[in-house]
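Quick mapping for you: the protein sequence lines, in order, are chains A and B. Per the numbering used here: the first sequence ends with 118, consecutive numbering throughout. Per the numbering used here: the second sequence ends with 818, consecutive numbering throughout.
Be careful, since some hints might not be right.
Said to hold, decoys possible - Below, in silico cross-link-like pairs of lysine-lysine (PhoX-like), each with a Cα-Cα straight-line distance of 20 Å or less:
| no. | chain 1 | residue 1 | chain 2 | residue 2 |
| --- | --- | --- | --- | --- |
| 1 | B | LYS673 | B | LYS609 |
| 2 | B | LYS774 | B | LYS785 |
| 3 | B | LYS23 | A | LYS76 |
| 4 | B | LYS618 | B | LYS524 |
| 5 | B | LYS90 | B | LYS74 |
| 6 | B | LYS724 | B | LYS505 |
| 7 | B | LYS524 | A | LYS76 |
| 8 | B | LYS724 | B | LYS785 |
| 9 | A | LYS31 | B | LYS55 |
| 10 | A | LYS54 | B | LYS74 |
| 11 | B | LYS505 | B | LYS55 |
| 12 | B | LYS23 | B | LYS74 |
| 13 | B | LYS270 | B | LYS90 |
| 14 | B | LYS743 | B | LYS763 |
| 15 | B | LYS589 | B | LYS560 |
| 16 | B | LYS763 | A | LYS76 |
| 17 | B | LYS4 | B | LYS55 |
| 18 | B | LYS591 | B | LYS663 |
| 19 | B | LYS560 | A | LYS54 |
| 20 | A | LYS31 | B | LYS809 |
| 21 | B | LYS505 | B | LYS524 |
Hints were generated in silico from the structure; no laboratory data involved. This structure is a prediction, so every number in the text was calculated from the model and none was measured.
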Amino acid sequence: MSAVMKDNDWIRIGMLDEIPRLGARVVETEKGNIAVFRTATDAVFALHDKCPHKGGPLSQGIVHGDRVACPLHDWKIQLETGLAVAPDEGCAASFPIRIEEGIIYLSLVPNEGCPDTV
Amino acid sequence: MAEKLVVIGNGMAGIRTIEELLKLAPEAYDITVFGAEPYGNYNRIMLSPVLAGEKTIDDIMLNDLQWYQDNNIKLHTGKQVTHIDRNNRKVVTDDGLEESYDRLLIATGSNPFIIPVPGNDLPGVITFRDIHDVDQMLSASKEFKHAVVIGGGLLGLEAANGLMQQGMSVTVVHLMDTLMERQLDPPAAKMLQKNLENRGMHFLMQAQTEAIIGKDRVEKVRFKDGTEIYADLVVMAVGIRPNVELAKEAGIHCESGIIVNDTLQTFDPKIYAVGECVQHRGMNYGLVAPLFEMARVCANHLALHGIGRYEGSVTSTKLKVTGIDLFSAGDFTGDEQTEELVFQDAARGVYRKLIVQDNRIKGAVMYGDTLDGPWYFDLMRDETDISDLRENILFGQAHLGDSGHGEESRVAAMPDTAEICGCNGVCKGEIVKAISEKKLFTLEDVRAHTKASSSCGSCTGLVEDILASTVGGNYSQAPHQKPMCGCTEHTHDEVRNVIKEHELKSVRAVMDFMEWDTDDGCSKCRPALNFYVICQWPAEGLDDYQSRFINERAHANIQKDGTYSVIPRMWGGHTTPDELRAIAEVADKFKVETVHITGGQRIAMYGLKKHELPLIWKDLNKAGLVSGHAYGKALRTVKTCVGKEWCRFGTQDSTYLGIELEKMTWGSWTPHKFKMAVSGCPRNCAEATIKDFGVVCVDSGYELHVGGNGGVKVRATDFLCHVKSEQEALEYTAAFMQLYREKAHYMERTAPWLERVGLTYVKEQIVENTENRKQLAERFLYSQKFMQNDPWQERAEGMDAHEFNPIIKLDDSMKRAS
Ligand code: SRM
Ligand SMILES: Cc1cc2nc3c(=O)[nH]c(=O)nc-3n(C[C@H](O)[C@H](O)[C@H](O)COP(=O)(O)OP(=O)(O)OC[C@H]3O[C@@H](n4cnc5c(N)ncnc54)[C@H](O)[C@@H]3O)c2cc1C
Ligand code: SF4
Ligand code: FES
Numbered sequence: 001m002s003a004v005m006k007d008n009d010w011i012r013i014g015m016l017d018e019i020p021r022l023g024a025r026v027v028e029t030e031k032g033n034i035a036v037f038r039t040a041t042d043a044v045f046a047l048h049d050k051c052p053h054k055g056g057p058l059s060q061g062i063v064h065g066d067r068v069a070c071p072l073h074d075w076k077i078q079l080e081t082g083l084a085v086a087p088d089e090g091c092a093a094s095f096p097i098r099i100e101e102g103i104i105y106l107s108l109v110p111n112e113g114c115p116d117t118v
Numbered sequence: 001m002a003e004k005l006v007v008i009g010n011g012m013a014g015i016r017t018i019e020e021l022l023k024l025a026p027e028a029y030d031i032t033v034f035g036a037e038p039y040g041n042y043n044r045i046m047l048s049p050v051l052a053g054e055k056t057i058d059d060i061m062l063n064d065l066q067w068y069q070d071n072n073i074k075l076h077t078g079k080q081v082t083h084i085d086r087n088n089r090k091v092v093t094d095d096g097l098e099e100s101y102d103r104l105l106i107a108t109g110s111n112p113f114i115i116p117v118p119g120n121d122l123p124g125v126i127t128f129r130d131i132h133d134v135d136q137m138l139s140a141s142k143e144f145k146h147a148v149v150i151g152g153g154l155l156g157l158e159a160a161n162g163l164m165q166q167g168m169s170v171t172v173v174h175l176m177d178t179l180m181e182r183q184l185d186p187p188a189a190k191m192l193q194k195n196l197e198n199r200g201m202h203f204l205m206q207a208q209t210e211a212i213i214g215k216d217r218v219e220k221v222r223f224k225d226g227t228e229i230y231a232d233l234v235v236m237a238v239g240i241r242p243n244v245e246l247a248k249e250a251g252i253h254c255e256s257g258i259i260v261n262d263t264l265q266t267f268d269p270k271i272y273a274v275g276e277c278v279q280h281r282g283m284n285y286g287l288v289a290p291l292f293e294m295a296r297v298c299a300n301h302l303a304l305h306g307i308g309r310y311e312g313s314v315t316s317t318k319l320k321v322t323g324i325d326l327f328s329a330g331d332f333t334g335d336e337q338t339e340e341l342v343f344q345d346a347a348r349g350v351y352r353k354l355i356v357q358d359n360r361i362k363g364a365v366m367y368g369d370t371l372d373g374p375w376y377f378d379l380m381r382d383e384t385d386i387s388d389l390r391e392n393i394l395f396g397q398a399h400l401g402d403s404g405h406g407e408e409s410r411v412a413a414m415p416d417t418a419e420i421c422g423c424n425g426v427c428k429g430e431i432v433k434a435i436s437e438k439k440l441f442t443l444e445d446v447r448a449h450t451k452a453s454s455s456c457g458s459c460t461g462l463v464e465d466i467l468a469s470t471v472g473g474n475y476s477q478a479p480h481q482k483p484m485c486g487c488t489e490h491t492h493d494e495v496r497n498v499i500k501e502h503e504l505k506s507v508r509a510v511m512d513f514m515e516w517d518t519d520d521g522c523s524k525c526r527p528a529l530n531f532y533v534i535c536q537w538p539a540e541g542l543d544d545y546q547s548r549f550i551n552e553r554a555h556a557n558i559q560k561d562g563t564y565s566v567i568p569r570m571w572g573g574h575t576t577p578d579e580l581r582a583i584a585e586v587a588d589k590f591k592v593e594t595v596h597i598t599g600g601q602r603i604a605m606y607g608l609k610k611h612e613l614p615l616i617w618k619d620l621n622k623a624g625l626v627s628g629h630a631y632g633k634a635l636r637t638v639k640t641c642v643g644k645e646w647c648r649f650g651t652q653d654s655t656y657l658g659i660e661l662e663k664m665t666w667g668s669w670t671p672h673k674f675k676m677a678v679s680g681c682p683r684n685c686a687e688a689t690i691k692d693f694g695v696v697c698v699d700s701g702y703e704l705h706v707g708g709n710g711g712v713k714v715r716a717t718d719f720l721c722h723v724k725s726e727q728e729a730l731e732y733t734a735a736f737m738q739l740y741r742e743k744a745h746y747m748e749r750t751a752p753w754l755e756r757v758g759l760t761y762v763k764e765q766i767v768e769n770t771e772n773r774k775q776l777a778e779r780f781l782y783s784q785k786f787m788q789n790d791p792w793q794e795r796a797e798g799m800d801a802h803e804f805n806p807i808i809k810l811d812d813s814m815k816r817a818s
């Protein structure tokens, strides 16, 4: 693949293989980190790497199902929406991801629905 | 289209099942509920406090009509189901309404038993079961004076107390010569009776009711011996009968209850039953805790997850009369096989009796001070060997060195502002509020909603007490066997056995073989499974990287700001100028913010950036410094004092032995962290008696101590044995560590583990059985062959590089580059 950009919004961040299953890698940006998670079924999600509780780095948590457990106090955050699992409340901003031929593209325009921003 | 589920009975068990089902599979069914009572779902056990004027009906509603709407449940209140047509799979109500089902849940509870005497249908003769009964009692108490309660069991006494609170003069009539004979032994029953008499309650014991007399309303009760007493109100509380008529009429197999199997299925596989109406393995239950367990299992099967099993419950009871504390569980009468431990302090009004068989608690009766009830109940349910606790067991848990849990735990007397959970700053008032507003029943619920007891767990007992005193009586105690976590029904021990027997060598293999409920576990079970696998199969077991907590992946401790700390090993607390220089240089080069002497005799560096960790380790490695595993469920420190080499009192070379111990054990993974210490004489400067394994040197050799713990709940070690040589000390250490590794539950430190299995057991395994000790030690050393690789060196050399580096760094100019 030589074409890096699909359109103005999508940034190529790496290959699917570079993220371990049930794990995460970090995209460093000037405004803060974005955690990119890969589930057991190879779904990929991106969240602001900052737990809505006390800012724990979600990228360091244990990924299970469609959730990640924050490493600091074990809140569970939904990977797709960034919402904390009830009864906890709050959310981490989530970002669109696209995968084509094993290449992961990220958009830095957060999904709607969460007031958190990077 | 979703299948149709019809529920008969809008009571505690039926709706609890639906709540559990909605958690598991919210979309699986179109749900219709029929309830004969004209309300939403309420907490029946709280009718007693309502009658006593301590609560209102509003306080005890669990799910209002809005809840049914919100969850798309069709609720028919005030409608009785009168017929189940199994052929056409539909139910019919008293007013002719029909509803078809794919699956049916019967939760019809039970009916109060009415004694068959003349006059039992007179106005003013009632039972105590539902809101309607309570309404009748409350209005009678405004008009009339004399109440007679027939039945001196739990329910009868709670009714009598309530009516007394409402200003009536109450006589309790009881067939036996002691009250609550199904829960209390005679001494406790007598204390109870006396206390109630002091409050103004009257009793007629060994009295058999012959007739109820009256013209338009009850006027008198007559007994077999011919005596009569006045009565404007008669409450029958002599027992309940499972409500099985409907099921029986439909041809479903019933005995005294509807017969169900371990999945709560009746004889007709489309039909399930839960609650008081069922009979399971020959038992009928009349308390909510077992019903809630049934509900959980039943929901699991309705959701087609299909692996839970209900295997029966051990129950305990309390009486909900404010100011009276009594607790009863299990078999409290005993027989020739059992012994009794009894404590009685008549002046303080305290009585405790434990029935013990083979050093296991079989039953307990407590009166006056029941704070330790839940503890005895746990010991009983877990079948804990109590030989080591026997001496003090009757004085309660506070007496066993449970610091911070003693006198203060009189929760009822605590002000709302009292801080219960020190970790999360949660006060009693907040917990009480959450329990009553959010209708919480279980410890897990309270944890989830308030965070109390969700961190270090030391306040768990207090939170359980608050739960019990707020919810009343029997809140849903932990089930008979505690599953590992919400992902499975299996216990820690079951999982460990299966890993061994079926040679399961990876986390995935265990979850597949044992049919985990979730796709890939959770942050609680995965680390546990991973440990169990590598403990059992040190050579071939797959150490699953993603099942380890971040500290054990990054081999450093994560800090609150996302930076890391690094603590190199200092063998036995010894260091050298070279090591200190290396640390100083690293601290300068990497601009370490804090250098700190830890509580474990070594040096920690704080505020390190993750991506620099491998570089830091490389520099430390050069000076011979390796990982201290300060981050792991693993061997931590071996503290020592200077001992014989320098100290004027030292008896042996404690420092040398400490270093040898650390060299032998470093790198081993354990269920929880494992700490050791060696002191050179009984002055014990290395604090060996609060360590998981401690050695105190004496003139004649080495005293070995086990199961100590500083930290949350201080526990001094138990003395294991005395040995003569260093070599033996090493062998015993290896054997003890291996026994702990093989038998403890993940996240269980040696202190609670030892209390669970008992010192006697450990002695049998290690001290008395030489062959076994040698084998344990051998297995430990074999496992160490695979564990003793310095994880820092491996990573400094490039292992797991992805862990330490971002996948990409973006700055504005790079946005468009790859
Ligand atoms: C660094 C240190 C404090 C210090 O600055 O001195 C420390 C720091 C932590 N301790 Fe500790 N403990 C330290 C010595 C102790 C001691 C003293 C000792 O070892 O002699 C104790 C009491 C003794 C004991 O364990 O029985 C101690 C009892 C605890 C406990 C309570 C354990 C318990 O079973 O009750 C925890 C909580 C836990 O492990 O769940 C804990 C947990 C922690 C954690 C891991 C908390 C966490 O999860 O982040 C801290 C990590 C700090 C870090 O990032 O480096 N720390 N901690 C000490 C490291 C010693 C070392 O060289 O490795
Ligand atoms: C006053 C009192 C105090 C108690 N205190 C305690 C305590 O402290 N601790 C404890 O553990 N337990 C206590 N219990 C027992 C506990 O309340 C019961 O075990 C529990 O409520 C039983 O739940 P269930 O769902 O099986 O039955 P229920 O809660 O009785 O629910 C059955 C429901 O089904 C309805 N129904 C029956 N037949 C039909 C039909 N054909 N069609 C439609 N609807 C029907 C009934 O009207 C009822 O609402 C107490 C009980 C009472 C009465
Ligand atoms: S325990 Fe104290 S007195 Fe004994 S050898 Fe050690 S330092 Fe000396
Ligand atoms: S910061 Fe994430 S759980 Fe506390």
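Check your understanding: Looking back at the hints listed earlier, which ones does the structure fail to meet?
Key -> 1, 4, 6, 8, 9, 10, 11, 15, 16, 17, 18
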